[in-house]
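Please model the entire structure based on the sequences and the hints provided.
Residue numbers (numbering that gives the first Met the number 0): 0 to 313.
Below are the DSS-like pairs computed for lysine-lysine, each with C-alpha atoms no more than 27 Å apart in a straight line: (1) 181 with 126; (2) 181 with 215; (3) 126 with 170; (4) 126 with 176; (5) 215 with 176; (6) 170 with 181.
Have a look at the derived ranges for each label pair, beta carbon to beta carbon: (7) 251 with 42: 33 to 41 Å; (8) 6 with 268: 23 to 31 Å; (9) 130 with 13: 48 to 56 Å; (10) 297 with 143: 35 to 43 Å; (11) 8 with 179: 37 to 45 Å; (12) 143 with 179: 23 to 31 Å; (13) 244 with 173: 28 to 36 Å.
No lab work stands behind these hints, which were simulated from the structure alone.
Here a beta-carbon is modelled for each residue, glycine too, at the ideal position from N, C-alpha and C.
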Amino acid sequence: MPIAFLPESFTGDPEFHGVDLHMHSTASDGALAPTEVVALCASRGVKLMALTDHDTVAGVSEAAAAASPQGIRLLPGAELSTRWQGVSIHLVALLPQGPRGPLMEGLEVLARARESRAVVIARRMEKAGLENALAKAREQAGSGRPLGRPDFARALVAAGLVPDMATAFRKYLGSGKAGDVKAHWPDLAEVVDWVVAAGGVAVLAHPLRYGLTRRKRGQMLDDFVAAGGQAAELVSGFQNTDVTRDLARQLDERNLYASLGSDFHFPGGHLAPGSMSPVPRTAVLPVWTHPQLAAWLGSDSNMAKTNAMAPGAL
0 MPIAFLPESF TGDPEFHGVD LHMHSTASDG ALAPTEVVAL CASRGVKLMA
50 LTDHDTVAGV SEAAAAASPQ GIRLLPGAEL STRWQGVSIH LVALLPQGPR
100 GPLMEGLEVL ARARESRAVV IARRMEKAGL ENALAKAREQ AGSGRPLGRP
150 DFARALVAAG LVPDMATAFR KYLGSGKAGD VKAHWPDLAE VVDWVVAAGG
200 VAVLAHPLRY GLTRRKRGQM LDDFVAAGGQ AAELVSGFQN TDVTRDLARQ
250 LDERNLYASL GSDFHFPGGH LAPGSMSPVP RTAVLPVWTH PQLAAWLGSD
300 SNMAKTNAMA PGAL
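Written out as structure tokens, the structure reads:
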């Protein structure tokens with residue numbers, strides 16, 4: 000598929016909506032199956048997408064098989080859970096060669112951490128009145144995948160304990176609440192190592208969402224770069240343009256590439272595939288110009304290789 004529409008720099012074009020490198024499906028906490036996410040991307044004009052489910056690549060093969068016939072380039076990916084100075088941080092792994100090496104073992108580590116965390120959350124939700132919380136969360140998940148807080152939120156709604164998911168998070172599952180269990184996620188530097196060893200590009204996810212001061216965010220970016228991190232999400236969903244410009248300066252100072260994504264989870268909300276704030280003119284280079292991604296994008300054989308993977312290969 001030709002990818003000539005991808006700019007080599009950010010020019011401030013407000014009509015640029017063809018890339019979304021951060022989305023979720025039912026392989027983790029999204030509402031749509033991987034094929035449905037791809038179909039929605041196609042309907043919205045997205046030409047380059049990454050499926051980045053939490054701590055898993057289970058949906059990538061299904062998405063890749065659906066993407067090719069619709070003229071979409073599917074970049075394998077995942078959103079990995081990490082910790083930095085006691086703060087839960089997410090890392091988007093863009094994997095042009097697919098998951099391999101230490102990353103495969105790392106995904107198993109993360110899955111076990113999620114399962115242990117879910118047991119603790121379930122105990123706390125039972126104290127809040129949700130009987131058989133673990134079983135009800137699994138019922139909401141609809142598969143054997145590791146559970147996340149959204150599954151417990153849906154269970155609380157289904158049980159009539161809260162009117163909606165927003166209330167579930169505000170009362171029980173959000174930051175500082177009973178269900179906000181801090182799992183023993185691996186250190187940020189270790190997870191960066193997994194991604195780099197797999198031939199991938201390590202992207203710091205939504206750096207503006209961690210409640211850090213500008214100075215503290217700069218320290219996080221410094222440690223990320225020292226660990227081998229290559230990019231950060233300059234735009235994640237909708238955000239203030241002045242804030243985006245300031246973040247761009249922080250990325251530029253550290254020679255980080257800029258990624259962008261909607262962080263799409265479910266239809267009907269204010270976020271949709273390809274829907275995000277425009278990227279202002281900046282000297283920061285787009286992540287797709289990173290040598291590893293540029294080489295992958297320039298080779299049609301890589302698209303065929305990804306789509307030909309067996310369902311369990313990812």
